[in-house]
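Chemist: Each chain, written out:
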Amino acid sequence: MTSQNSAIKPQTSGYSRRAFLRASAILGGGLFVGLYLPKGVAAATDGTDSWTLNAYIRIGSDDSIRIMAVAPEIGQGIKTSLPMVIADELDVAWEQVQVEQAPVMPEIYGRQSAGGSRSTPIHFEEHRRIGAATRQMLLQAAAAQWQVPVAECRSQQGKILHVSGRSLRYGELAAAAAKQAAPELTSVALKTDAQLQIVGKFTAGVDNDAIVSGQPLFGIDVELPGMLYAVYQKCPVFGGTVKHANVAQLEKLPGVRKVLVVSGNGDFYGLDAGVAIVADSWWQAQKARQQLQVTWLDSKATGQSNAEFDRLAHALKSQMPTQILRNDGDIEHCFAGAAKVLQADYYYPFVAHGQLEPMNCSAQWQDGKLSLWAPTQNPVGGQKQVAQVLGIKEQDITIHVMRSGGGFGRRLFNDYMAEVAWIAREVGAPVKLLWSREDDFQHDFYRPAGYHSCKLALDAEGKLIGLQDHFITFGAQGRPLLAAQMNSDIFPAGFIPNLQYGSSLIPAHIPTGWLRAPGSNALAWVFQSLLDEAAHAIGQDPLALQLALLAQPVGDLGSFNPQRMTAVLQAVAERSGWGRKVAAGHGLGIACYYSHAGYFAEVVEVSVNQGKLQIHKVWAVGDVGKYIVNPSGAMHQVQGSILDGLSQALYQQVPIDGGAKLVNYHQHKMLTMAEVPEVDVEFLKTDYPTTGLGEPALPPVIPALCNAIFAATGKRIRQLPITADMLT
Amino acid sequence: MSYQLKINGQLMQADVAADTPLLWVLRDTLKLKGTKFGCGMAQCGACTVHLDGKPVRSCVTPISAVKDRAITTIEGIANSELGQQVQQAWKILDVPQCGYCQAGQMMSALALLRQFPQPTDAQIASGMKGNLCRCATYHRIKQAIQQVAQHTDKEAS
Ligand code: FES
Ligand code: FES
Chain G
1 MTSQNSAIKP QTSGYSRRAF LRASAILGGG LFVGLYLPKG VAAATDGTDS
51 WTLNAYIRIG SDDSIRIMAV APEIGQGIKT SLPMVIADEL DVAWEQVQVE
101 QAPVMPEIYG RQSAGGSRST PIHFEEHRRI GAATRQMLLQ AAAAQWQVPV
151 AECRSQQGKI LHVSGRSLRY GELAAAAAKQ AAPELTSVAL KTDAQLQIVG
201 KFTAGVDNDA IVSGQPLFGI DVELPGMLYA VYQKCPVFGG TVKHANVAQL
251 EKLPGVRKVL VVSGNGDFYG LDAGVAIVAD SWWQAQKARQ QLQVTWLDSK
301 ATGQSNAEFD RLAHALKSQM PTQILRNDGD IEHCFAGAAK VLQADYYYPF
351 VAHGQLEPMN CSAQWQDGKL SLWAPTQNPV GGQKQVAQVL GIKEQDITIH
401 VMRSGGGFGR RLFNDYMAEV AWIAREVGAP VKLLWSREDD FQHDFYRPAG
451 YHSCKLALDA EGKLIGLQDH FITFGAQGRP LLAAQMNSDI FPAGFIPNLQ
501 YGSSLIPAHI PTGWLRAPGS NALAWVFQSL LDEAAHAIGQ DPLALQLALL
551 AQPVGDLGSF NPQRMTAVLQ AVAERSGWGR KVAAGHGLGI ACYYSHAGYF
601 AEVVEVSVNQ GKLQIHKVWA VGDVGKYIVN PSGAMHQVQG SILDGLSQAL
651 YQQVPIDGGA KLVNYHQHKM LTMAEVPEVD VEFLKTDYPT TGLGEPALPP
701 VIPALCNAIF AATGKRIRQL PITADMLT
Chain R
1001 MSYQLKINGQ LMQADVAADT PLLWVLRDTL KLKGTKFGCG MAQCGACTVH
1051 LDGKPVRSCV TPISAVKDRA ITTIEGIANS ELGQQVQQAW KILDVPQCGY
1101 CQAGQMMSAL ALLRQFPQPT DAQIASGMKG NLCRCATYHR IKQAIQQVAQ
1151 HTDKEAS
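From first to last, the protein sequence lines are chains G and R. Anchor point for the first sequence: position 581 equals 581 in our numbering, and the numbering is continuous, going up by one each time. Remember, our numbering sits 1000 above the position in the second sequence when you count from 1.
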């Protein structure tokens, strides 16, 4: 096999250069391949055994192949796609492979959270090399056994073949391979693109059998012997604490074992105060909750509301931003001399995650040690949070990562883990905490709302020469709330000579957090709408305006590559027939965005008839580098992100009045089967490193939709969600 | 109260309060975890099961209302040939993303295909619109339903 490392650039991969492979025999004569990493410099120099095992592959003497899935599965397909990468380089049939969720051992496996579309870019290259190195050891073992040069041997689907026609199965070689020296990960030979047999092939999810037959799989399905069930009532005003609760009365209700008043630690990201009701069944706990009477104490959130936020934002708008995020050229001079100035204010609301499986976690406290069965995106963060809240050591907490019924960023926060951990320690029995849908909507970590007060300057030739955005966001103690900040490099930054991004803060006490494509899911809409506004103001085609900007960078672009964006824009224009004549009442809108290392351009076709909006079709073209590991999962992520974005634009907002004023899905809707448009997807494969797809397809669809509405109606959408009165 | 239930062709017994929703009897009393909880308010369809072949939302169906009707859950979907075809199509087309809504989707799809072996787009839309998929796997769900319909069409002809 020849070494072909294709166009992947090693500096972008996630594996450590200090890592090396070590293999060991397992009981019964199998091979156990691990990646060894030094624990740390201190440990490495103290003369003790400083090498720990990091197992990815187990080959049994019975030819069983087990591959570990290192990252949590939340629907993004990582439990299937990363093992595919190992299996391909190992050169085994995918049908032979069993996939297991890896234990939480970050000191060994490295990053084990699911967020930021990071799992693929971090693990892809490393996984290839681990698979390839293991195959190399099997080759060496066979060559040694036959006493022939390694070069005369090759692998084929779980076997090593010799030119003479002899062959040995991996299972037969596993024990001997375990004694071979492990090759250097950095120099191991990888398959050529033509030799790849699993990567790039439509591959069904490894848990599909369990899903279609209803076998227990998710966090909510966990069952522990003697388990009790809990609900946890928090204050309807964010951060409110308990003054009094009718504990004794509730404890008399059927099935109720214990009612606990939990004071918490005053931190949304720690343990929020509330009342826990623990019962023999969840329904009994939930029913008892109907009779719960709590006197809550006020919090900093008392009195905050959308109306108050609007008022504060309006006042801030007329002042200078308190912080300048970026200042290119001379913004004042540019606007003073502009031939034309456009002004536009944009507003997007707070949004909830609404993942279908409500927050839940099961816990067992025994002899000062805690086990948690958690559907989480962030087990390591959860471990830290629970340790802190309970005042115990992280090493005394074991986390079993369960499949999650959707994540979308919600499960990067582990409030429910802290709650159940506290309850389990108090009651001394295994407990499953399950939130109701109301709990879920009322105690989310919301995508922050935002106000943008924007100005565009055009010169006498109609060229866009200036852009100013005063971003009015939410904060506490002088800092933006989590996920409420804005980066300074958002397109068109670096392409317009005079550009200023500034921000000011509205004080607020709201749990906020990351929602799929954080920041980008809102900012793409603002900036891509603004560019569409500019194009229409000067009578230029919106695509032509974006292409012209991309062709002439004038400032610092950060990691943004204008050629890649140009290519996806041109491709989506071609696929959608951009510029074609559309039926009466129809309109096409285009937008592009770069986030999470991915480049996406999208076109939406809508029609509006008598105020009724219909979305006919969406075209998306993306560039996430060289490989599409699993086309099935990739297509899922792009189509899912696009429909997700459309749901957000059409339906979703969380009203704030002290706390979140909503109860269930009818107030925070998503598209249904009756509404979904066709979504056409194409990937441009480029020689860039392979990156993730959980997020980057979402941001452009919202501005593309709004730009299409403008094309169809002349109505500019500057506030989300879109309501019927904005269309007429 | 003690209830005798016919679930997936088997007799089972549950001692629960009369207002306990069928969903919680299935999940927590009888340990059939396949039927999922999403909203508790007949908003999402994750808890869809069949009573005498008709899809119902088990989160708002009190156990006392079940009576002697036969309950079919996702664990029993393979008891019918059509159910097996639905499972096959779901697997081959790799319908699930997170998979959490899919038990409900499949139970609704099975009921739809019973009623309309060759459903039109409009029938698929109205038969499935009560089942939310937060991951938005709707394109694949539709494809899977159409694949089963095609298969049945071929067998019939
Ligand atoms: S849980 Fe029953 S419809 Fe949502
Ligand atoms: S597959 Fe995740 S909710 Fe449908």
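I should point out that these hints are in silico values taken from the structure, not numbers from a laboratory. Model, not experiment: these values are computed from the prediction. Here a beta-carbon is modelled for each residue, glycine too, at the ideal position from N, C-alpha and C. Please note that a few of the clues may not be correct.
[Claimed, not checked] Reference excerpt, derived from the structure (chain G facing chain R, CB under 10 Å, subset only):
#1 Gly-75
#2 Glu-251
#3 Pro-254
#4 Trp-283
#5 Gln-286
#6 Ala-307
#7 Glu-308
#8 Leu-312
#9 Leu-316
#10 Leu-356
#11 Arg-403
#12 Gly-406
#13 Glu-438
[What the hints assert, rightly or not] Using 25 Å as the maximum straight-line C-alpha spacing, the simulated DMTMM-like pairs for lysine to aspartate or glutamate come out as follows:
#14 R/Lys-1031 x R/Asp-1015
#15 G/Lys-258 x R/Asp-1019
#16 R/Lys-1091 x G/Glu-184
#17 G/Lys-287 x R/Asp-1019
#18 R/Lys-1031 x G/Glu-184
#19 R/Lys-1091 x G/Asp-209
#20 R/Lys-1142 x G/Glu-438
#21 R/Lys-1142 x G/Asp-680
#22 G/Lys-317 x G/Asp-280
#23 R/Lys-1129 x G/Glu-675
#24 R/Lys-1129 x G/Glu-438
#25 G/Lys-369 x G/Glu-438
Chemist: So, for every hint listed, does it hold in this structure?
Modeler: Here's how the hints hold up against the structure:
| no. | hint | verdict |
| --- | --- | --- |
| 1 | Gly-75 | holds, 3 Å |
| 2 | Glu-251 | violated, 17 Å |
| 3 | Pro-254 | holds, 7 Å |
| 4 | Trp-283 | holds, 4 Å |
| 5 | Gln-286 | holds, 8 Å |
| 6 | Ala-307 | violated, 28 Å |
| 7 | Glu-308 | violated, 30 Å |
| 8 | Leu-312 | violated, 33 Å |
| 9 | Leu-316 | violated, 35 Å |
| 10 | Leu-356 | holds, 4 Å |
| 11 | Arg-403 | holds, 7 Å |
| 12 | Gly-406 | holds, 5 Å |
| 13 | Glu-438 | holds, 8 Å |
| 14 | R/Lys-1031 x R/Asp-1015 | holds, 13 Å |
| 15 | G/Lys-258 x R/Asp-1019 | holds, 22 Å |
| 16 | R/Lys-1091 x G/Glu-184 | violated, 39 Å |
| 17 | G/Lys-287 x R/Asp-1019 | holds, 10 Å |
| 18 | R/Lys-1031 x G/Glu-184 | violated, 49 Å |
| 19 | R/Lys-1091 x G/Asp-209 | holds, 7 Å |
| 20 | R/Lys-1142 x G/Glu-438 | violated, 30 Å |
| 21 | R/Lys-1142 x G/Asp-680 | holds, 15 Å |
| 22 | G/Lys-317 x G/Asp-280 | violated, 54 Å |
| 23 | R/Lys-1129 x G/Glu-675 | holds, 9 Å |
| 24 | R/Lys-1129 x G/Glu-438 | holds, 22 Å |
| 25 | G/Lys-369 x G/Glu-438 | violated, 32 Å |
Going through the hint list in order, the structure does not satisfy hints 2, 6, 7, 8, 9, 16, 18, 20, 22, 25.
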